[in-house]
Amino acid sequence: MTQRIASYPGTALSEEDIERGRVLSIHDRLRADYAWDAGLAIGRYLDGLKAGQILGVRCERCDRTVVPPRAFCEQCFAPMDAFVPLAGVGTVNTFSLCYVTWDVKRIAEPLIPSVIDLDGTSPPAGIMHLLGGVATDRVRIGMRVRAVWKPARAREGAITDIRYFKPLRRG
Amino acid sequence: MNTSVGIVGIGWTGFRPVTPEASYKELVYEAAVRAYADAGVDPRRDVDSFVTVSEDFHEGTSIFDEYVPDQLGGAQRPVHTITGDGLHGLAAAVMQILTGRFRIVVVEGHSKASNILTLPHITAYALDPILNRPLHANPLAVAGLEACRYMHESGATREQCAAVVVKNRRNALRNPAAAYGADLRAEDVLVSEAVASPITRLEISDHADGAIVMVLADDETARRLSPHPVWMRGIGWANDSPSLESRCWARAAYAEQAAAMAYRMAGIGNPAEEIQFAEVDDTFAYKELQHLEALGLCAQGRAGPLTVEGATAPDGCLPVNVSGGSLGIGHLLDASGLARVLEVVLQLRGQAGSRQLGDVYTGLAQSWRGVPTTSGAVAVLSSRLSGRES
Ligand SMILES: [Zn+2]
Numbered sequence: 001m002t003q004r005i006a007s008y009p010g011t012a013l014s015e016e017d018i019e020r021g022r023v024l025s026i027h028d029r030l031r032a033d034y035a036w037d038a039g040l041a042i043g044r045y046l047d048g049l050k051a052g053q054i055l056g057v058r059c060e061r062c063d064r065t066v067v068p069p070r071a072f073c074e075q076c077f078a079p080m081d082a083f084v085p086l087a088g089v090g091t092v093n094t095f096s097l098c099y100v101t102w103d104v105k106r107i108a109e110p111l112i113p114s115v116i117d118l119d120g121t122s123p124p125a126g127i128m129h130l131l132g133g134v135a136t137d138r139v140r141i142g143m144r145v146r147a148v149w150k151p152a153r154a155r156e157g158a159i160t161d162i163r164y165f166k167p168l169r170r171g
Numbered sequence: 001m002n003t004s005v006g007i008v009g010i011g012w013t014g015f016r017p018v019t020p021e022a023s024y025k026e027l028v029y030e031a032a033v034r035a036y037a038d039a040g041v042d043p044r045r046d047v048d049s050f051v052t053v054s055e056d057f058h059e060g061t062s063i064f065d066e067y068v069p070d071q072l073g074g075a076q077r078p079v080h081t082i083t084g085d086g087l088h089g090l091a092a093a094v095m096q097i098l099t100g101r102f103r104i105v106v107v108e109g110h111s112k113a114s115n116i117l118t119l120p121h122i123t124a125y126a127l128d129p130i131l132n133r134p135l136h137a138n139p140l141a142v143a144g145l146e147a148c149r150y151m152h153e154s155g156a157t158r159e160q161c162a163a164v165v166v167k168n169r170r171n172a173l174r175n176p177a178a179a180y181g182a183d184l185r186a187e188d189v190l191v192s193e194a195v196a197s198p199i200t201r202l203e204i205s206d207h208a209d210g211a212i213v214m215v216l217a218d219d220e221t222a223r224r225l226s227p228h229p230v231w232m233r234g235i236g237w238a239n240d241s242p243s244l245e246s247r248c249w250a251r252a253a254y255a256e257q258a259a260a261m262a263y264r265m266a267g268i269g270n271p272a273e274e275i276q277f278a279e280v281d282d283t284f285a286y287k288e289l290q291h292l293e294a295l296g297l298c299a300q301g302r303a304g305p306l307t308v309e310g311a312t313a314p315d316g317c318l319p320v321n322v323s324g325g326s327l328g329i330g331h332l333l334d335a336s337g338l339a340r341v342l343e344v345v346l347q348l349r350g351q352a353g354s355r356q357l358g359d360v361y362t363g364l365a366q367s368w369r370g371v372p373t374t375s376g377a378v379a380v381l382s383s384r385l386s387g388r389e390s
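Here the protein sequences line up with chains A and B, keeping their order.
Using the working numbering, you'd call the opening residue of the first sequence number 1 and step up by one each time.
Using the working numbering, you'd call the opening residue of the second sequence number 1 and step up by one each time.
Hints were generated in silico from the structure; no laboratory data involved.
Some clues are possibly wrong.
[What the hints assert, rightly or not] Quick list of the computed label-pair ranges, beta carbon to beta carbon:
(1) A:Lys50 / B:Asp42: 35 to 41 Å
(2) A:Thr136 / B:Asp42: 45 to 51 Å
(3) B:Pro242 / A:Arg22: 43 to 49 Å
(4) B:Pro134 / A:Asp17: 54 to 60 Å
(5) B:Thr99 / A:Arg146: 50 to 56 Å
(6) B:His136 / A:Val23: 52 to 58 Å
(7) A:Arg153 / B:Asn239: 51 to 57 Å
(8) B:Pro134 / A:Ala32: 18 to 24 Å
(9) B:His121 / A:Val23: 23 to 29 Å
(10) B:Asp128 / A:Asp137: 49 to 55 Å
(11) B:Asp56 / A:Arg153: 35 to 41 Å
(12) B:Pro78 / A:Ala32: 53 to 59 Å
(13) A:Arg146 / B:Pro78: 22 to 28 Å
The beta-carbon is built from N, C-alpha and C at its ideal position, and this holds for glycine as well.
The task is simple: from the sequences and hints, build the whole structure.
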């Protein structure tokens with residue numbers, strides 16, 4: 001304050017004003033809602049999951065079976081519509097112990113995302129899912145696992161109808 | 001140009017307001033299979049490069065370009081995606097072929113507009129976040145602002161804009177692929193609800209789903225593959241300033257610049273004489289009029305009167321949007337420019353069915369990326385090469 005001005009007019013900025021973003025920033029929110037058409041192949045796949053079944057699809061030309069199913073073979077570009085049920089048993093191709101959730105929160109017990117090569121498919125054709133019912137220090141590449149399903153009445157035709165994959169033998 | 005680029009294959013799926021039975025991948029696959037059969041090529045063996053156009057917010061997937069190879073036969077091959085209209089993709093394909101390092105290049109664009117539940121919100125997010133978004137005006141107002149100034153300076157009238165809608169939706173009745181064919185009267189257009197004055201609801205194109213795939217090849221390959229290659233005589237693209245505060249509101253400056261570039265490449269000095277028919281962006285009815293003037297296909301202020309006189313009808317001296325345009329086919333988001341090119345190719349091949357124009361060999365396709373952009377592209381296509389018979 002100078003001698004001539006006892007107090008300045010107006011309200012001073014507070015630390016809280018800055019912290020809460022009331023000044024020096026603009027807040028905006030995007031509404032982006034989508035309803036993706038699953039299509040023929042993924043539609044059949046999701047129907048299968050609701051029924052407790054994992055469906056793959058065969059390309060006779062390439063002599064291979066892949067999962068999740070797709071309407072065309074990305075290798076030879078032929079259509080694929082020979083759906084085959086798979087056993088829901090497979091082998092861990094790769095895994096990671098993940099200590100951060102998708103929205104960046106630390107967790108003490110890690111999620112164990114894994115790609116599992118299902119029996120009856122032609123590698124590299126695996127299902128991306130989670131491992132469960134296994135101690136983190138026992139997870140290994142090559143481990144044999146099987147799908148653990150939600151109860152039938154709780155299934156809704158979604159990838160989460162499989163809760164996780166767990167070791168065939170107790171670890 | 002020391003070599004020429006020809007379109008040797010076209011394929012499309014659609015166009016319909018909804019496509020619940022197929023995923024976007026399945027739509028694209030169907031269009032691609034048709035395009036490759038049309039060109040007589042195997043994508044896994046013959047195609048050197050793939051170019052696609054898409055917008056992440058239209059797909060609902062970040063880094064969407066990662067999802068494009070499989071359905072085109074482009075896995076483990078050179079692929080890239082342009083955030084732009086299909087004509088920008090076509091320009092990229094032409095440039096790749098002109099390098100001499102690629103003989104066959106594929107271009108893809110698609111729309112799953114029906115899957116975007118909040119499309120107006122997505123479009124609103126294209127506005128400047130600090131200066132424009134806080135005003136909360138629907139981005140359709142940007143078209144209203146432009147139509148207002150364009151009509152003020154050009155003398156175009158609401159009746160003339162309505163005539164564009166009537167023509168294009170009637171043209172769509174002769175296009176089996178068009179979603180919005182209708183027999184309307186100008187009066188129906190004028191009395192439909194005001195949306196952003198001077199624009200009414202029927203002057204705004206509705207969206208459609210679909211996919212378009214094209215196969216391009218160099219001169220020698222095109223002649224080997226196709227009995228009727230359609231030559232890319234010229235292509236150009238340009239942007240005006242994005243600023244709503246300082247852009248040119250009356251004229252489509254981006255289309256003027258893009259056309260000048262395409263005409264220079266094609267060696268066209270008098271477009272009104274040399275272009276026989278045109279497929280131009282008509283996302284809004286006034287846009288067709290403004291674009292025709294910007295492309296030099298008629299004098300400033302003449303597009304409206306010519307439309308009312310029938311000069312741009314299929315039997316007029318300059319048929320415009322014989323396909324039905326976006327008003328009649330449906331707006332295909334980023335694939336809209338490819339829909340314009342598709343019709344030009346069909347007409348030049350003589351494959352346009354009951355809407356076939358008589359004796360045409362040079363046509364123009366033009367695109368605009370929609371509100372709030374000032375981004376556009378122009379292609380001049382011909383069944384003959386410049387200066388000699390093909
Ligand atoms: Zn195959």
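Each hint tested on the structure:
1. A:Lys50 / B:Asp42: 35 to 41 Å: 37 Å, holds
2. A:Thr136 / B:Asp42: 45 to 51 Å: This hint holds: roughly 48 Å between Cβ atoms.
3. B:Pro242 / A:Arg22: 43 to 49 Å: 29 Å, violated
4. B:Pro134 / A:Asp17: 54 to 60 Å: This hint is violated: roughly 19 Å between Cβ atoms.
5. B:Thr99 / A:Arg146: 50 to 56 Å: Once the Cβ atoms are compared, 53 Å apart, the range 50 to 56 Å for A:Arg146 and B:Thr99 holds.
6. B:His136 / A:Val23: 52 to 58 Å: Since B:His136 and A:Val23 have Cβ atoms about 21 Å apart, the given range 52 to 58 Å is violated.
7. A:Arg153 / B:Asn239: 51 to 57 Å: 56 Å, holds
8. B:Pro134 / A:Ala32: 18 to 24 Å: Distance hint for B:Pro134, A:Ala32 holds at roughly 19 Å.
9. B:His121 / A:Val23: 23 to 29 Å: Because 27 Å falls inside the window, the suggested range holds.
10. B:Asp128 / A:Asp137: 49 to 55 Å: Given about 53 Å between the Cβ atoms, the range holds.
11. B:Asp56 / A:Arg153: 35 to 41 Å: 37 Å, holds
12. B:Pro78 / A:Ala32: 53 to 59 Å: Roughly 31 Å apart at Cβ, these two residues miss the hinted range, so it is violated.
13. A:Arg146 / B:Pro78: 22 to 28 Å: Since A:Arg146 and B:Pro78 have Cβ atoms about 40 Å apart, the given range 22 to 28 Å is violated.
In this structure, the earlier hints numbered 3, 4, 6, 12 and 13 are contradicted, and the remaining ones agree with it.
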